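Number of protein chains: 2
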Amino acid sequence: MTLLAVGTIAFDSIETPTDSRHRILGGSATYFGYAASFFTPVRLVGIVGKDWPDRYSQLLADRGIDLSGVVRDEAKNSYFWHGRYTPDFQDRETLACEVQGFDQFVPKLPDHFRDSRFVFLGAASPSVQLRTLEQCNSPEFVFADTVDMWIERSSGELTTLLQRLNCLLINDSEARQFTGHRDLIQAGKAIQQMGPKMVIIKKGEHGCLLFHEDTVSPCPAYPTDKMIDPTGAGDSFAGGILGYLVNRPTIDRRTMIDAIHYGTVVASYTVAGFSLEGIQSIGLAEIDDRRSEFRRMLLVE
Amino acid sequence: MTLLAVGTIAFDSIETPTDSRHRILGGSATYFGYAASFFTPVRLVGIVGKDWPDRYSQLLADRGIDLSGVVRDEAKNSYFWHGRYTPDFQDRETLACEVQGFDQFVPKLPDHFRDSRFVFLGAASPSVQLRTLEQCNSPEFVFADTVDMWIERSSGELTTLLQRLNCLLINDSEARQFTGHRDLIQAGKAIQQMGPKMVIIKKGEHGCLLFHEDTVSPCPAYPTDKMIDPTGAGDSFAGGILGYLVNRPTIDRRTMIDAIHYGTVVASYTVAGFSLEGIQSIGLAEIDDRRSEFRRMLLVE
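First to last, the protein sequences are chains A and B.
The first sequence lines up with residues 2 to 302 when you count with the working numbering.
The second sequence lines up with residues 2 to 302 when you count with the working numbering.
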């Protein structure tokens, strides 16, 4: 089984309440791909610019990630995001975002990517997300994330995209913004009405809500006081989820919750460092151990 | 086994984003006692004033709640709270609070209350909480709640009280206020250092964190879009917890989480109506059914 991911591959400058980093490795496809690579081979689609250092590509290639879908545009720089977190890490402000034409990017899938059965459409222009999906021959499970910028700029295309998804991942404030419902249960159900059988509303340190058919399942986050940088938590959460799902015989509610537990654990490692530092030092054994600990916390095992 | 509760027995005037009620039955001891009465007999300690209607007392007595510890002060009115919720129900503003001498109340336990083994000290002046506790001969499990007003006015006495507790119940913003830690995991651990073996930090619609010895367990809330009035959710949560614990042979982490699931379910009924409306129409069968549904959501069963 094969997993394809499209999204940003980017430089991030991050300011947390206690520390900061300048132009470190970031991007939705980067975090997703690295997290999913613990579970399954990953194919990445994206664009970088003339300023992109080989060592960042090498770091992903070393995880067995197939980068043949990543193009390099020598006429531009790479996608760049500069953000600052509030003192309680509950919110963040975008100080700068240089999209570098990523919203106009027309992905061209390498031929050997087209048979991908599991597809992650990382937070990106819905047009980029749709154009990527259209090049897949027969995707079985399509999982997409979106963020406020694309809801504002492209809500029409987002609605089109929703009809092609098995599962939408969206955070709480964006679910409210997109649907107009303050209540998250109502917001999740409203998104299901627009197409996807499943919706996962992310609530940061409070975990998530899984909407699966007519059920809503709350899943808490792994409790940690080792928060260094929340950037990439949502994408590595998604990577853990879809990476785990790739090899499941069926995807029902129980499988989804199992997958969410894996995603939760991978994200808990991500936030313990800047960029990929928190997950570069671990392997599947650490993930499995923490997953067992987490499930004991919840009385699941 | 016997359960004693002290706290406010009060009139509430409530303004929610969509509705309001004037001088309805409220108070921490009221909500706690009613919720716990599904599981075990309850003894109530508190004070009401000359304006207290018999029908409110009768409503509690009809649940088998022993009101012989509730005194009536003919010189004063009853405790009165007037609050308004923010549009998203995430916060509330106190518009008026007539304590009516409750902070000076010197409880006198009826003799037959003194052998109570399980004690709930509802949000009240720590002095009232301590004076109640001192009259119990040999309490086995002491569970207390506190709120911002008492943290501000009586943090010294609160610290004394903490050393007498098995478990403190406190909400997230108050845990931050009391300890100075923004991070809830750090805040919970800091409170444990002050005395109680267990701490439950309530997070409203996001559930709670249980601190038990050196473990932290996240417990989500029951997902509901039937929110009418959150008042009393925390006290009925506590009532479900302690009511369930009364008949357990041991109280370990697993028992506490089982108890939290019961408390969560009782609270989910409370918020579906003003005052006790949401829990007056149910019985233990409904609670057990929803608890099973909730545990299936979490994969616990």
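Incorrect hints may appear among the rest.
If several chains are the same, the list does not tell them apart, and a pair holds so long as it fits within one copy or across any two.
Claimed, not checked - Quick list of in silico lysine-lysine cross-link-like pairs, DSS-like style, CA-CA up to 25 angstroms:
hint : residue 1 : residue 2
1    : 204       : 51
2    : 190       : 51
3    : 190       : 227
4    : 198       : 227
5    : 204       : 227
6    : 51        : 109
7    : 190       : 204
8    : 51        : 77
9    : 51        : 227
The hints are simulated quantities; they were obtained by calculation from the structure and are not laboratory data.
As the structure is a prediction and not an experimental result, all values here were calculated from the model.
Hints, one by one, checked against the model:
Taking CA atoms no more than 25 angstroms apart as the test, residue 204 paired with residue 51 passes in neither setting, with 36 angstroms inside one copy and 47 angstroms between copies. For a Cα distance limit of 25 angstroms, the shortest separation of residue 190 from residue 51 qualifies neither inside one copy, at 43 angstroms, nor across copies, at 49 angstroms. In this assembly of identical chains, residue 190 and residue 227 lie within 25 angstroms of each other by CA distance solely across copies; the values are 14 angstroms between and 33 angstroms within a copy. Taking the shortest alpha-carbon separations for residue 198 and residue 227, only the inter-copy value of 22 angstroms comes in at or below 25 angstroms, while the best intra-copy value is 35 angstroms.
In this homomeric assembly, residue 204 and residue 227 come within 25 angstroms of each other (Cα to Cα) both inside a single copy, at 18 angstroms, and across copies, at 20 angstroms. With identical chains, the CA atoms of residue 51 and residue 109 are at most 25 angstroms apart within one copy only, with a shortest distance of 19 angstroms there and 79 angstroms across copies. In this assembly of identical chains, the alpha carbons of residue 190 and residue 204 lie at most 25 angstroms apart whether taken from the same copy (16 angstroms) or from different copies (23 angstroms). In this assembly of identical chains, residue 51 and residue 77 lie within 25 angstroms of each other by CA distance solely inside one copy; the values are 6 angstroms within and 78 angstroms between copies.
Taking the closest pair of Cα atoms, residue 51 and residue 227 never come within 25 angstroms of each other, the shortest separation being 35 angstroms inside a single copy and 53 angstroms across copies.
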